[in-house]
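Enquirer: This is what each chain is made of:
Protein chains: 2
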Amino acid sequence: MKTLIVYAHPEPRSFNAALRDVARDELQAQGHAVEVSDLYAMKFKPAIDREDFSSCYDSENFNVSLEQRHAHAHNGLSPDIRVELEKLQSADLLILQFPLWWFGMPAILKGWIDRVFISGAVYGRSAIFDKGRLKGKRALVCVTTGAPAQAFGPESLNGEMLSLLAPLHQGVLGFTGMTVLPPFVAHHVPYAGPDGRAVLLAQYRAYLNKIDALQPLPMPRLADHPGWSEDGMSPKAQ
Amino acid sequence: MKTLIVYAHPEPRSFNAALRDVARDELQAQGHAVEVSDLYAMKFKPAIDREDFSSCYDSENFNVSLEQRHAHAHNGLSPDIRVELEKLQSADLLILQFPLWWFGMPAILKGWIDRVFISGAVYGRSAIFDKGRLKGKRALVCVTTGAPAQAFGPESLNGEMLSLLAPLHQGVLGFTGMTVLPPFVAHHVPYAGPDGRAVLLAQYRAYLNKIDALQPLPMPRLADHPGWSEDGMSPKAQ
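For the protein sequence lines, the chains are R and Z, in the order given. Residue numbering for the first sequence follows my numbering, beginning at 1 and increasing consecutively. Residue numbering for the second sequence follows my numbering, beginning at 1 and increasing consecutively.
There's no promise every hint is true.
If several chains are the same, the list does not tell them apart, and a pair holds so long as it fits within one copy or across any two.
In silico SDA-like pairs for lysine to any residue, Cα to Cα no more than 20 Å straight-line [claimed, not checked]: (1) Lys2 / Leu222; (2) Lys2 / Gln89; (3) Lys210 / Gly136; (4) Lys131 / Ser156; (5) Lys45 / Glu11.
By construction, these hints were calculated from the structure, which means they are not laboratory data.
Using the sequences provided together with the hints, build the complete structure.
Expert: This is how it looks when you write it as structure tokens:
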């Protein structure tokens with residue numbers, strides 16, 4: 001089994017780094033080969049542009065979806081994208097490790113998805129959800145928050161955590177066919193103190209120790225949406 | 001009245017650019033001064049790091065929220081952030097113009113929010129939602145999609161558009177006190193053809209022409225959440 005941890009935090013001593021290390025150690029102890037993409041350390045480029053491609057589909061009008069599809073088919077993806085895509089394709093388990101910033105992913109991690117989740121490679125015409133190209137892989141979001149758990153409860157000011165993560169869980173991970181495990185959320189991290197942090201790390205280790213027993217999040221099945229058609233589902237607009 | 005349009009698309013001939021121009025023209029005709037932040041043209045840096053600050057709160061541990069708050073209080077924000085923050089603070093209306101990529105903002109726009117929405121400047125201790133620092137401003141999301149409207153309906157494969165945009169609408173714009181107008185969504189853009197695109201542009205112009213009559217989206221009020229406390233609401237986790 002191979003695990004890819006995509007880690008998005010600028011501070012090597014952050015609690016996110018500690019969570020990353022717990023996952024690496026626990027999964028290695030289970031016999032996984034674990035690879036880490038440390039996006040900040042790699043100075044990963046977040047914004048899609050022409051430099052993503054050595055190929056060119058249309059020099060007059062830069063359409064991201066069409067250029068990605070063309071580049072994927074003609075070996076025109078830039079090396080930094082190709083490397084990450086290969087890591088993703090060879091992984092059995094993907095862990096996204098990040099702090100919740102403005103109720104979503106840090107920009108550098110959104111950029112990893114924008115640039116690496118290539119049309120043709122991770123999804124295709126009818127190849128989404130239970131037909132997605134990443135079918136058979138599992139995915140897991142591990143996120144830290146500045147607020148306590150009840151701040152993400154029903155009727156809360158923030159809204160519910162699963163709703164906030166739905167565009168990522170369903171729109172990215174489930175969309176491409178991955179089995180999406182329930183997220184591990186480390187709440188109230190800035191106020192947890194050393195003991196509280198140790199408890200959270202132990203909880204994450206225990207969570208990963210029983211990872212095979214986790215019940216995946218429900219995802220749509222294509223068969224339940226007979227009205228779906230190819231042009232209905234491009235996840236990159238012009 | 002001043003309008004700031006934050007535009008996030010790499011292609012100057014894109015439909016997003018056409019929507020941006022419609023907004024600029026229509027709002028100027030209404031007497032607004034319109035400013036555009038063209039994030040790709042500006043090569044706006046998306047990822048928060050130490051280079052965002054000339055000041056330093058803690059050289060040992062880079063905590064984004066604490067560094068932002070300190071830098072804001074001590075004139076330590078980098079010039080590119082300061083310029084954008086001043087544009088935001090002086091605007092009466094903020095328009096975010098972007099294509100829906102993976103059911104959210106392009107990374108470069110998420111980075112604009114991560115870096116410019118500074119603790120202390122746009123929100124504070126008890127200064128969120130109806131007490132937020134950006135109170136009195138209006139905000140409007142104009143987004144393009146590759147899929148038809150029904151692909152974002154109830155029970156759809158994609159989920160409902162207002163749910164997908166909730167982290168932005170409520171978690172960023174409403175959180176900081178802005179009055180959030182209903183989004184303008186240009187659906188199915190890659191398949192609209194020249195006539196369909198002309199219709200969408202005319203609809204957007206008409207929408208902006210009646211902007212003062214639009215009913216804002218409902219937002220939480222602090223008074224309805226008496227259990228709220230300062231440490232419950234940091235929107236940037238460690």
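Enquirer: Output the numbers, in ascending order, of every earlier hint that fails for this structure.
Expert: 1
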